Each structure stands twice: as C-alpha cells, then as structure tokens.
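Chemist: Please put together the full structure from these sequences, using the hints given.
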Amino acid sequence: SQQGEEDPQALSIQEGENATMNCSYKTSINNLQWYRQNSGRGLVHLILIRSNEREKHSGRLRVTLDTSKKSSSLLITASRAADTASYFCATRDPGTGANNLFFGTGTRLTVIP
Amino acid sequence: DTAVSQTPKYLVTQMGNDKSIKCEQNLGHDTMYWYKQDSKKFLKIMFSYNNKELIINETVPNRFSPKSPDKAHLNLHINSLELGDSAVYFCASSTRLAGNTGELFFGEGSRLTVL
Numbered sequence: 092s093q094q095g096e097e098d099p100q101a102l103s104i105q106e107g108e109n110a111t112m113n114c115s116y117k118t119s120i121n122n123l124q125w126y127r128q129n130s131g132r133g134l135v136h137l138i139l140i141r142s143n144e145r146e147k148h149s150g151r152l153r154v155t156l157d158t159s160k161k162s163s164s165l166l167i168t169a170s171r172a173a174d175t176a177s178y179f180c181a182t183r184d185p186g187t188g189a190n191n192l193f194f195g196t197g198t199r200l201t202v203i204p
Numbered sequence: 032d033t034a035v036s037q038t039p040k041y042l043v044t045q046m047g048n049d050k051s052i053k054c055e056q057n058l059g060h061d062t063m064y065w066y067k068q069d070s071k072k073f074l075k076i077m078f079s080y081n082n083k084e085l086i087i088n089e090t091v092p093n094r095f096s097p098k099s100p101d102k103a104h105l106n107l108h109i110n111s112l113e114l115g116d117s118a119v120y121f122c123a124s125s126t127r128l129a130g131n132t133g134e135l136f137f138g139e140g141s142r143l144t145v146l
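Chains as they are written, first to last, in the working numbering: chain W, 92 to 204; chain R, 32 to 146.
Please keep in mind that the hints were generated in silico from the structure rather than gathered at the bench.
Careful, some of the hints might be misleading.
[Unchecked claim] The calculated DSSO-like cross-link candidates involving lysine-lysine, where the alpha carbons are at most 30 Å apart (straight line), are:
id, chain 1, residue 1, chain 2, residue 2
1, W, Lys117, R, Lys83
2, W, Lys117, R, Lys71
3, R, Lys50, W, Lys117
4, W, Lys160, R, Lys67
5, W, Lys161, R, Lys71
6, R, Lys50, R, Lys83
7, R, Lys102, R, Lys50
8, W, Lys160, R, Lys75
9, W, Lys147, R, Lys72
10, R, Lys83, R, Lys71
11, W, Lys160, R, Lys72
12, R, Lys72, W, Lys161
13, R, Lys102, W, Lys161
14, W, Lys161, R, Lys75
15, W, Lys117, R, Lys67
16, W, Lys147, W, Lys160
All values reported here derive from a predicted model rather than from experimental measurement.
Modeler: Here it is, written out as structure tokens:
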C-alpha cells in the first residue's frame with residue numbers, strides 16, 4: 092500500500108501551544124502535501140514541500156521533509172481553537188505514472204480554548 | 032461560487048439498491064477523482080480520470096463505476112449496495128498543467144449509509 096502513516100493519531104493541546112504532527116511515507120516522491128479537514132467537511136490544501144526542499148513556512152505553519160527517512164512533520168505554532176481539525180499528509184509516487192494522491196492516516200488535533 | 036460540488040450530501044438507502052453520486056467542478060481542471068473515507072477517517076483513492084484515461088484502484092469492486100459526461104463532471108455509480116459501502120465519498124479535481132503541483136480541490140463529501 093502506498094498509504095502513509097501519521098502520528099500521533101490524536102493530539103490535544105491548550106490554545107497557544109505548538110502542535111507537531113509527523114508523517115511517514117513509503118515510496119519516492121516529487122512533493123509532499125499537507126491537508127486539513129474540519130469535521131464534516133472536505134479536505135483543504137495547506138502547504139506543499141518539494142522533494143528538494145527541507146523546510147518550508149507559511150504563516151503559522153512549518154513543514155519539514157527528510158527524504159532519507161521518508162518522513163515529514165507539520166508544526167502549527169501558537170495554536171488556536173479554530174485549528175481543531177484532522178490533518179493529513181499526501182504523496183504522489185512519480186513512478187506509477189498516475190496522478191493519484193495517497194493520503195496518510197491523519198492526525199486529529201484538538202485545541203482547547 | 033463552489034469550486035467542487037457534489038450531490039447529494041447525505042444518502043440513506045437499502046442493501047441491494049443502485050445509487051449515484053454526482054460531482055461537478057468549475058475550476059477548468061482536467062483530472063477528477065473519487066475518494067472513499069471510512070469511519071476511521073482513512074482516505075482511499077478509488078478512481079482518477081481525465082479525458083484520456085481512467086485509472087482504477089484495483090481494490091475497488093466492479094460494482095463501482097465512474098461516468099464522465101464531460102470534463103467538468105465525474106459521477107459515481109454504485110450497483111448492488113452492500114453494508115460495507117457505507118462511508119463518506121469525496122470528489123476532487125486537479126490540473127496537470129505544466130508547473131502545477133497537483134494540489135487537489137475537494138468537494139464537501141457525500142455520506143452514504145446503507146441499511
């Protein structure tokens with residue numbers, strides 16, 4: 092299976108704290124993407140990091156990528172209650188010739204006001 | 032303006048029935064997808080389709096079939112529904128234009144409950 096894994100499965104923090112989620116994947120990649128899913132809603136793209144990048148920032152989001160370990164992390168700084176959602180990493184295997192994105196198992200983040 | 036819209040949002044039906052979920056995107060994208068999200072939130076690709084090729088995840092039963100009347104639509108037909116088909120089905124789209132990273136745009140999901 093090309094599906095990645097994320098840990099922790101669930102994370103509960105206080106508002107203002109930082110939240111770190113990790114993702115491991117199995118195949119070679121061109122890029123790795125992070126998505127957010129609010130309860131009962133569709134997924135929304137957050138940030139993308141290319142395979143030749145090691146770190147990327149977007150607002151309160153920081154993503155790292157270690158292709159040697161096939162892992163990535165998403166850090167949300169100064170968390171807010173509105174950050175409560177599930178977060179998924181997604182990869183596309185360039186070797187398959189397909190355009191399909193394969194998603195990790197997700198981390199459910201709860202930010203307590 | 033909704034970019035990717037799917038209907039119905041909720042669908043409750045009996046085992047053995049045939050049902051369809053519709054999806055439309057107004058982004059001008061050339062590739063559309065169907066994903067299944069189970070009760071544990073696992074997202075699994077079912078199909079990807081552009082006007083040239085249909086790529087089917089080999090684990091998807093042939094009771095599931097995508098139908099695309101045009102580039103902006105990809106409907107999902109399910110025959111002989113089973114209890115295990117209960118899930119949330121997401122439609123998504125992307126573009127393969129050069130330089131695009133393949134970000135997916137998702138619909139809001141269709142929750143299917145088979146009784």
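Chemist: Indicate, hint by hint, whether the structure satisfies it.
Modeler: Against the structure, the hints come out as follows:
no., hint, result
1, W:Lys117 - R:Lys83, "holds, 28 Å"
2, W:Lys117 - R:Lys71, "holds, 21 Å"
3, R:Lys50 - W:Lys117, "violated, 35 Å"
4, W:Lys160 - R:Lys67, "holds, 28 Å"
5, W:Lys161 - R:Lys71, "holds, 24 Å"
6, R:Lys50 - R:Lys83, "holds, 26 Å"
7, R:Lys102 - R:Lys50, "holds, 22 Å"
8, W:Lys160 - R:Lys75, "holds, 24 Å"
9, W:Lys147 - R:Lys72, "holds, 27 Å"
10, R:Lys83 - R:Lys71, "violated, 33 Å"
11, W:Lys160 - R:Lys72, "holds, 25 Å"
12, R:Lys72 - W:Lys161, "holds, 22 Å"
13, R:Lys102 - W:Lys161, "violated, 35 Å"
14, W:Lys161 - R:Lys75, "holds, 20 Å"
15, W:Lys117 - R:Lys67, "holds, 21 Å"
16, W:Lys147 - W:Lys160, "holds, 17 Å"
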